[in-house]
Amino acid sequence: MSLLELDGIQKRFGSVEALRGVTLSVEAGSVVGLVGDNGAGKSTLMKTITGIYEPDGGAIRFDGKDVTLDTPGHIRSIGIEMIYQDLALAPQQDVASNIFLGREPTKSLLGFIPGLIDRPKIVAEAEKMLQRLGARIPSVLSPVGVLSGGQQQSVAIARALTFGPKLVIMDEPTAALAVREVDHVLDLIRELKRQSIAVILISHRLTDVFAVSDRIVALRQGQIIADEQTAETSMNQVVSHIVGS
Amino acid sequence: MTTAPVATPKTRQNRFYFRVESLIVLVALCVVMSVLSPFFLTTSNILNILLATATIGVLAIGATYVIASAGLDLSLGSVLGLSAVFGAFLVDRLGMPWPFGIAGALFAGFAAGYVNGQLITRLRIPAFIVTLGMLGIARGLALVISSGQAIYGLPSELVYLGQGRPLGIPMPVIIFFAVAIVTHYILANTKYGKHTLVIGDNEQAARATGIQVERHRRSLYAFSGLMAGIAGLIFMTRVNAGDPTAGLNYELTAITAAIIGGTNLFGGRGSIFGTMIGALIMGVLQNGLNLMAVQSYYQQMAIGAVLIFAVWLDQFNRKVTER
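Chains as they are written, first to last, in the numbering used here: chain Y, 1422 to 1666; chain Z, 5 to 327.
Keep in mind that the hints are not guaranteed to be accurate.
[Said to hold, decoys possible] Straight-line C-alpha distance at most 30 angstroms; calculated DSSO-like pairs for lysine-lysine:
| id | chain 1 | residue 1 | chain 2 | residue 2 |
| --- | --- | --- | --- | --- |
| 1 | Y | 1542 | Y | 1614 |
| 2 | Y | 1549 | Y | 1528 |
| 3 | Y | 1587 | Z | 195 |
| 4 | Z | 195 | Y | 1542 |
[Said to hold, decoys possible] Here are the in silico distance ranges between beta carbons for each label pair:
| id | chain 1 | residue 1 | chain 2 | residue 2 | range |
| --- | --- | --- | --- | --- | --- |
| 5 | Z | 25 | Y | 1436 | 38 to 44 angstroms |
| 6 | Z | 97 | Y | 1584 | 53 to 59 angstroms |
| 7 | Z | 137 | Y | 1442 | 40 to 46 angstroms |
Because the hints were derived from the structure by calculation, they are not lab data. Glycine residues also receive a C-beta, built at the ideal position from the N, C-alpha and C atoms.
Based on the sequences and whatever the hints tell you, model everything.
Encoded structure:
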């Protein structure tokens, strides 16, 4: 049984058919590279998985359970994390708050006033997580908005990994990074694979995709047109899938 | 990865998340006023300032929550008026027992805010338009209910809320501080408060991390309405009447207080402690101008100018710190 199974996913925006019956499965601990031209439907497909969009047709199963219409909050709670291209960070909130966004641990004040965010715990855990990732963030108390692109990327990754996910979706995680930072992200993906965490990697940089993926799936005009083992395909072949020649 | 020392202590937020400059302005203003007028620093005058600030302060708390979530509530002043009239109407015209005066005022405020929230999040009408519409509707309704005349004569239990002075401290000031402490705690330390700021900071991020943005927004407008209801209750019991013109243009002062207290007009930042400082600045300014016998027309101008100045200062700071 696959970890994630998509069965005939359809999504329309008005008259535009963004996804026309996408069927795809992802095994636990595998890295799937998802490639395609701009507007092919990659991001729409991922946002449908994470519950931001509701599919117009088809079914999504995760760990054997139907999660087709689940909310983003519930999708996260069952172990699917997504790192967005725009990072989805709150720039005026500090690093620690961003890592625990939407899942702040709470305690009660004086034993009876509930709902207090456990700040010391958040700060300590955030520091631990960033250290594990080898990220160099000056302080977890800095607002995220003052950090560099690579540092912000680290915060987004830390948020995705803090709660022990089973599947991590990365949308263009290397697009805004310097060469050394790219290597760092690729190492991280390999590390996730070792921990048998599945990864869906969306990227325009085919060298990155070839470097870490087990399988490459090409999307064009809302349909999967190729699903190949990375070892058995070539850069030229993938490019021709993408451009459709 | 580069290790440029990006975050200086300056970029860290202080414990109370307020703007330090506003505290300096408040202190400076007090110094200037006490030099200009020998009455300024007397106990009775200070209590006067706090008393005058209580209504605006509670209103500004509502404004802070909504603005911090990148929303806007222009109906605050009108809803205050509606709440005052509705509370007085229930006890005076309909002869209900005095607790209905409290419940009625709070309910009217909450209901108006609830309607705002529903229209904004379900029909997707901009908050600016909905609350501007509610500004007209609530004021009109207050005039209809009261037939355009203040409803005088409340039971003494209610009047105590506005005019009572346990230990010499006016009741409205006690209510204001109690509300401020609770709401400060919620905004600064709870999940609800954090999510309010995150929604204002980056709505997409809030959605992606599972925060129920629409539901949260609805609750914020209802909360803001409830604050207008409390402010209406204070106003009504202080003047011992349900005046349909109560709170006219108060939204201007309340929003100004929130902004100069450090609330980001575009959302993502704000604290009730800061807003209290902002409200006190407005209170001291008005009191000082009163002591110097400046006509109230000029005070209105001064408040408007302070609002524009505070936002300009914020924009200026943003340009310097953002990159």
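Going down the list of hints, with the structure as the test:
A hinted pair counts as satisfied when its Cα atoms are at most 30 angstroms apart, and residue 1542 (chain Y) with residue 1614 (chain Y) qualifies at roughly 28 angstroms. For a cut-off of 30 angstroms, the pair hint linking residue 1549 (chain Y) to residue 1528 (chain Y) stands: about 20 angstroms separates their Cα positions. Pair hint residue 1587 (chain Y) plus residue 195 (chain Z) holds up; C-alpha atoms about 26 angstroms apart against a cutoff of 30 angstroms. The suggested pairing of residue 195 (chain Z) with residue 1542 (chain Y) holds, with an alpha-carbon distance near 14 angstroms, which does not exceed 30 angstroms.
One distance hint, 38 to 44 angstroms for the beta-carbon pair residue 25 (chain Z) and residue 1436 (chain Y), is violated here, with the actual separation near 52 angstroms. Distance hint check for residue 97 (chain Z) and residue 1584 (chain Y): the Cβ-Cβ separation is about 57 angstroms, which falls inside the suggested range of 53 to 59 angstroms. A beta carbon spacing of about 45 angstroms between residue 137 (chain Z) and residue 1442 (chain Y) agrees with the range 40 to 46 angstroms that was offered as a hint.
In terms of the numbered hints stated before, the structure departs from hint 5 and from no other.
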